[in-house]
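Student: Based on the sequences and whatever the hints tell you, model everything.
Take the sequence shown: its position 296, counted from the start at 1, is 296 in UniProt numbering, and no numbers get skipped.
There could be a bad hint or two in this list.
PhoX-like cross-link-like pairs, simulated, lysine-lysine; straight-line CA separation at most 25 Å [said to hold, decoys possible]:
#, residue 1, residue 2
1, Lys184, Lys216
2, Lys260, Lys219
3, Lys561, Lys571
4, Lys461, Lys477
5, Lys461, Lys422
Because the hints were derived from the structure by calculation, they are not lab data.
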Amino acid sequence: MNLIRNFCIIAHIDHGKSTLADRLLEYTNTIQVTTGQMLDDMDLERERGITIKSHAIQMEYVQDGQKYTLNLIDTPGHVDFSYEVSRSIAACEGALLIVDATQGVQAQTISNLYMAIEHDLEIVPIINKIDMPSAMPDEVEDEIVELLGCDRKDIIRASGKTGEGVEEILRAVVERIPHPKGDKTAPLQALIFDSVFNSFRGIIAYFKIENGEIRKGDKVKFFNTGMEYDADEIGVLKMDMVPREKLSTGEVGYIISGIKDAKEVKVGDTITHVAKPCQSAIAGFQEVKPMVFAGVYPIDPSDYENLRASLEKLQLNDASLTFSPESSVALGFGFRCGFLGLLHMEIIQERLDREFNMDVITTVPNVSYMVYDKLGNEHEVHNPSGLPEPTAIDHIEEPYIRASIITTTNFIGPIMTLCLDKRGELIKQEYVSGNRVELHFMLPLGEIVIDFYDKLKSISKGYASFDYHIDSFRPSKLAKLDILLNGEPVDALSTLTHQDNAVTLGRQMCEKLKELIPRQQFDIAIQAAIGAKIVARETVKCVRKDVTAKCYGGDVSRKRKLLEKQKKGKKRMKQIGNVEVPQKAFLAVLKLD
1 MNLIRNFCII AHIDHGKSTL ADRLLEYTNT IQVTTGQMLD DMDLERERGI
51 TIKSHAIQME YVQDGQKYTL NLIDTPGHVD FSYEVSRSIA ACEGALLIVD
101 ATQGVQAQTI SNLYMAIEHD LEIVPIINKI DMPSAMPDEV EDEIVELLGC
151 DRKDIIRASG KTGEGVEEIL RAVVERIPHP KGDKTAPLQA LIFDSVFNSF
201 RGIIAYFKIE NGEIRKGDKV KFFNTGMEYD ADEIGVLKMD MVPREKLSTG
251 EVGYIISGIK DAKEVKVGDT ITHVAKPCQS AIAGFQEVKP MVFAGVYPID
301 PSDYENLRAS LEKLQLNDAS LTFSPESSVA LGFGFRCGFL GLLHMEIIQE
351 RLDREFNMDV ITTVPNVSYM VYDKLGNEHE VHNPSGLPEP TAIDHIEEPY
401 IRASIITTTN FIGPIMTLCL DKRGELIKQE YVSGNRVELH FMLPLGEIVI
451 DFYDKLKSIS KGYASFDYHI DSFRPSKLAK LDILLNGEPV DALSTLTHQD
501 NAVTLGRQMC EKLKELIPRQ QFDIAIQAAI GAKIVARETV KCVRKDVTAK
551 CYGGDVSRKR KLLEKQKKGK KRMKQIGNVE VPQKAFLAVL KLD
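Tutor: As structure tokens, then:
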């Protein structure tokens with residue numbers, strides 16, 4: 001156990017975690033790096049240059065004649081995937097905190113650091129990208145010293161590109177990060193921190209052993225679900241899975257036991273022996289709280305069961321996804337999915353398409369609200385169509401977040417304007433170092449859910465970094481905005497919005513839908529309504545055939561007769577015709593400015 005080190009890499013998005021992980025793997029001769037970011041094996045990760053999943057891998061490192069086993073977990077940096085980070089941190093004793101020498105400390109750096117400190121992890125600070133011409137290692141060093149209160153000599157300067165400082169990092173991992181503590185003779189306790197689905201082997205669970213040991217062929221049970229299995233294969237995670245006969249305390253590995261049903265494996269569960277079970281489960285993770293809800297519907301209604309199976313398999317790989325069945329008048333049967341943010345939603349949609357060939361329609365995302373009726377009962381509402389009658393509602397509370405934005409002083413004005421437009425209130429403003437300032441705002445989650453992050457990036461030229469956590473629910477003046485097509489409400493386009501913005505939003509949505517809904521043989525009235533009051537209207541004019549073309553000259557009554565006949569046909573068609581809302585319309589509503 002003294003020769004094992006378990007550690008993860010944490011940082012803000014795009015600070016060079018995966019590149020530095022490649023250098024560590026190269027230096028320890030674990031693999032030959034052929035392409036950049038070897039651990040990011042998903043096509044989506046390669047294309048976007050971001051890490052979406054945590055990746056665990058084992059390295060062998062020799063120092064002073066001793067051979068050490070290093071278990072490294074590379075984690076994502078984006079705020080939408082912070083649940084991946086929290087699970088990785090639970091399986092480690094130390095963390096490498098990486099800060100970009102050109103960007104300095106950013107919001108997600110601080111938030112991930114606090115998460116690691118809460119779990120009593122040993123922090124090794126590293127300044128990355130020091131080979132860049134625009135690097136400012138001294139200023140960044142000041143920021144890290146202020147943040148961590150460590151000595152300057154503890155901070156390692158490195159470059160993921162050139163490989164500088166890699167040996168120093170490995171030395172620091174061995175010398176500074178404590179080895180795992182546990183009792184080899186105690187009953188088996190192993191924490192599941194991730195799982196994947198393999199169509200040939202079933203579900204593969206990744207775990208870290210806190211106490212005891214496990215051998216191939218042991219009878220094991222999962223503590224919380226109470227299900228019993230045989231450990232058909234156990235082993236360690238290199239670039240591929242390497243089978244072993246036994247794993248003991250402190251080691252990180254995988255188990256294959258022929259599980260086929262996704263519901264039987266819960267991330268955060270404890271594995272123990274059937275014959276000699278442990279007394280209690282490992283206190284693992286808090287339950288994940290989804291922030292953004294959207295309906296996901298199959299384009300072809302017969303794909304409903306396939307979509308359910310695809311979401312279950314995706315949930316294994318991404319434990320922060322939640323879903324429950326729902327139905328819509330406009331779209332049929334589908335699922336209400338909870339995501340951690342908009343990027344998370346986009347990635348899930350993309351993965352459903354690529355990995356499972358599922359064509360889906362996603363409705364406008366919204367957040368959950370607490371609705372209090374006049375009898376004093378409270379309901380949690382994830383969907384505007386789930387609201388009680390307006391006369392029965394006493395008041396509605398919406399979730400507020402505490403946001404931290406770190407930026408340079410020359411962007412303070414535009415950022416404050418943006419936050420105040422989104423009904424935010426400034427709590428405090430403090431200078432981090434030099435000309436960098438941290439702004440703390442209280443903002444309604446519903447306002448930032450669609451385009452806030454994109455706007456923040458564009459007005460700050462990419463320099464502002466943003467991080468948030470849920471604070472509380474507060475009473476708010478909210479109105480339900482319905483969109484009607486020919487008098488029929490389209491429930492998938494309903495939104496809950498603040499009363500001050502409702503009329504403007506209704507007008508914009510009507511104008512946008514007028515552009516996107518194809519013309520029919522009859523007029524289509526697009527209306528925005530708050531309760532029974534219509535606040536905006538647009539009309540998509542019908543396509544008409546010129547029925548009077550054959551009448552030249554002659555009496556006008558001949559033309560009138562033909563036009564009357566056409567008018568009757570249009571009227572009948574309007575009664576039985578239905579309007580299809582294209583997927584583009586749902587997406588366009590997200591991008592309304």
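Student: Now tell me, hint by hint, if it's right for this structure.
Tutor: Results for each hint:
1. Lys184 with Lys216: Within the cut-off at roughly 16 Å; holds.
2. Lys260 with Lys219: holds (17 Å)
3. Lys561 with Lys571: Judged against 25 Å, a Cα distance of about 16 Å means the pair holds.
4. Lys461 with Lys477: violated (33 Å)
5. Lys461 with Lys422: Given pair Lys461, Lys422 holds - Cα atoms ~20 Å apart, limit 25 Å.
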